[in-house]
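Here is what each chain is made of, one letter per residue.
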Amino acid sequence: MNTILSVRDLGKGFYIHDRAKHVPAAEGISFDLKPGQLAALVGPSGAGKSSLLKAIYRTYLPSSGQVLYRTAAGALVDLASAPETRITDLRRAEIGFVTQFLHCLPRLSTLDVVARPLLQQGVARAAAHDKAARILTALAIPQQLWDATPATFSGGERQRVNIARSFTQGGRLMLLDEPTASLDPVAGENVCAMIEAAKAEGTAMVGIFHDMAVVDRLADVKINVERKAFEAVA
Amino acid sequence: MKPILDVDNLTRIHGPGCPACLDVTGPAHDTNLCRHCGSVVAVADASLRLHKGEVLGIMGESGSGKSSLVKMLYFDDKPTSGRATFHDEGQAHELFSLNDAQQLRLRDTRMGMVYQNPSLGLNFDISAGGNIAERLLMSDELSYRVIREKATALLARTEVPPARMDELPRNFSGGMQQRVQIARALSTGAPLLLLDEVTTGLDLSVQARILDLIMELQEVTGVSMLVVTHDLGVVRHLTTRTIVMKHGRIIESGLTDQILEDPQAAYTQQLVSSAL
Ligand SMILES: Nc1ncnc2c1ncn2[C@@H]1O[C@H](COP(=O)(O)OP(=O)(O)O)[C@@H](O)[C@H]1O
Ligand SMILES: [Mg+2]
Ligand SMILES: [Zn+2]
Numbered sequence: 000m001n002t003i004l005s006v007r008d009l010g011k012g013f014y015i016h017d018r019a020k021h022v023p024a025a026e027g028i029s030f031d032l033k034p035g036q037l038a039a040l041v042g043p044s045g046a047g048k049s050s051l052l053k054a055i056y057r058t059y060l061p062s063s064g065q066v067l068y069r070t071a072a073g074a075l076v077d078l079a080s081a082p083e084t085r086i087t088d089l090r091r092a093e094i095g096f097v098t099q100f101l102h103c104l105p106r107l108s109t110l111d112v113v114a115r116p117l118l119q120q121g122v123a124r125a126a127a128h129d130k131a132a133r134i135l136t137a138l139a140i141p142q143q144l145w146d147a148t149p150a151t152f153s154g155g156e157r158q159r160v161n162i163a164r165s166f167t168q169g170g171r172l173m174l175l176d177e178p179t180a181s182l183d184p185v186a187g188e189n190v191c192a193m194i195e196a197a198k199a200e201g202t203a204m205v206g207i208f209h210d211m212a213v214v215d216r217l218a219d220v221k222i223n224v225e226r227k228a229f230e231a232v233a
Numbered sequence: 000m001k002p003i004l005d006v007d008n009l010t011r012i013h014g015p016g017c018p019a020c021l022d023v024t025g026p027a028h029d030t031n032l033c034r035h036c037g038s039v040v041a042v043a044d045a046s047l048r049l050h051k052g053e054v055l056g057i058m059g060e061s062g063s064g065k066s067s068l069v070k071m072l073y074f075d076d077k078p079t080s081g082r083a084t085f086h087d088e089g090q091a092h093e094l095f096s097l098n099d100a101q102q103l104r105l106r107d108t109r110m111g112m113v114y115q116n117p118s119l120g121l122n123f124d125i126s127a128g129g130n131i132a133e134r135l136l137m138s139d140e141l142s143y144r145v146i147r148e149k150a151t152a153l154l155a156r157t158e159v160p161p162a163r164m165d166e167l168p169r170n171f172s173g174g175m176q177q178r179v180q181i182a183r184a185l186s187t188g189a190p191l192l193l194l195d196e197v198t199t200g201l202d203l204s205v206q207a208r209i210l211d212l213i214m215e216l217q218e219v220t221g222v223s224m225l226v227v228t229h230d231l232g233v234v235r236h237l238t239t240r241t242i243v244m245k246h247g248r249i250i251e252s253g254l255t256d257q258i259l260e261d262p263q264a265a266y267t268q269q270l271v272s273s274a275l
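Protein chains in written order, with numbering that gives the first Met the number 0: chain A, 0 to 233; chain W, 0 to 275.
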């Protein structure tokens, strides 16, 4: 199968003007990913895993290297340097980012929050709600919560709503930053099953997981982040 | 993505102006005041592109030139130099080459503006419904019944209680006035909306609801928006791309999450870290 993502010699550092200081976060990261594969970024905290994930998504501007992404239409796009409007189009249609943190609109119901990205893509309301309901069920979010706003939920519930939203949107490439952190074992298991299902459907993923058992279960590729980053600091 | 608005090297100098104005002002000189002629360089060489359906933020401290920029685009003020092209209904309008009647026509029907100060965007001497009717009339909608229906629907959409339609907006709360302004701006189905500090000065909870409303309306209508604000929260909430201004200059632009999480310019780094 074709490569969907080829990360080549990716590096990220920050220049802090205030302190006239260059802070390296990660350097020389390379890997390839095919549809349905998951690459896990592993390394101690502070090694630059989240920075790399954000550099792939372009929340951080990469300092060096390339992030070559094959679009659904077959074009090869370097996410590190593509025009911003190209990135926003891809984020809407193909590339998702899952974090532990939910930023959501206070007035929307859970079902609407989860269905929203599909509605934004132009999917009909009924179909979007159907898919949202399926995912919410799979993540064991009780149906009596669906009409309420997640703004009032507990941290764990909100995290699951956020994950539900990302997986409802789906996409060809998903970036996961500790999606199972601080979930109870049952919810964590549900999320892992969801990731496996998305992989089976061909979604490629790059993820960070605090739990090595989860890495062993889900990852096709393991990328060690710590060594190069620490070399860069030294 | 297709462009709806192209701004090229737009400049606005208040005062006599002199050949040195642009050389001795800007972030590098930490001022927008020309020391030779005393002119204020409100906007200098600003260029940007807004795409159809896009929400672009213009961020910067007070006095950085954000309002001056959008005022020119809405014909509230004239540029000293520069161009802006509005792509609408298959035509490319050179905004500053149009005659007064053409400018008025675009302003009344194809662009909407929401000001921080509602008294600029609303006629306080006529009812809320009348404010919307006024704009609909300018777009040649002449049937009283249709105008009344449309005004009712628009106010409902911006959550102004229908019972208050015949009241004067001067008696409304700040949040309610902004809702009427938004309804008025949207009334003609204009594809371009300019929002200048629309939530500044409102209570936090009111701010949040207005931002939600703007976001919902944007999604439903697909209207393109320039969102001017000094408030990083507004930028985060509404926009996908952001431009940063200082002393009349655009100093940085990028995806909004990148501007907020990985700002490149020293000034933007300060702005973002001081807001944390
Ligand atoms: N009519 C005017 N005459 C003189 N100076 C003006 C006028 N309008 C704006 N300015 C100046 O232009 C600069 C930019 O102002 P403005 O566009 O209102 O900034 P912002 O909207 O970013 O707060 C400021 O220094 C302001 O004092
Ligand atoms: Mg202003
Ligand atoms: Zn001068």
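Treat the hints as calculated values from the structure; they're not laboratory data. Since the structure is predicted, the reported quantities are computational estimates derived from the model, not experimental observations. Note that CB positions come from ideal geometry on N, CA and C, so glycine has one too. Worth double-checking, as some hints may not be accurate.
Said to hold, decoys possible - Each pair of labels, with its calculated beta carbon distance range:
id, chain 1, residue 1, chain 2, residue 2, range
1, A, 15, W, 29, 19 to 29 angstroms
2, A, 106, W, 116, 20 to 30 angstroms
3, A, 185, W, 147, 21 to 31 angstroms
As the list claims (entries may be wrong) - Per the computed footprint, the stretches of chain A lying under chain W, defined by three or more beta-carbons under 8 angstroms from a beta-carbon of chain W, are:
id, segment
4, 47-58
5, 68-75
What the hints assert, rightly or not - In silico negatives: residues of chain A with every beta carbon more than 12 angstroms from chain W:
id, residue
6, 7
7, 19
8, 61
9, 125
10, 136
11, 147
12, 151
13, 156
14, 181
15, 185
16, 211
Margin query: Check the structure against each numbered hint from earlier and tell me which ones fail, lowest number first.
Written below: Numbers 3, 5, 7 and 8, in rising order.
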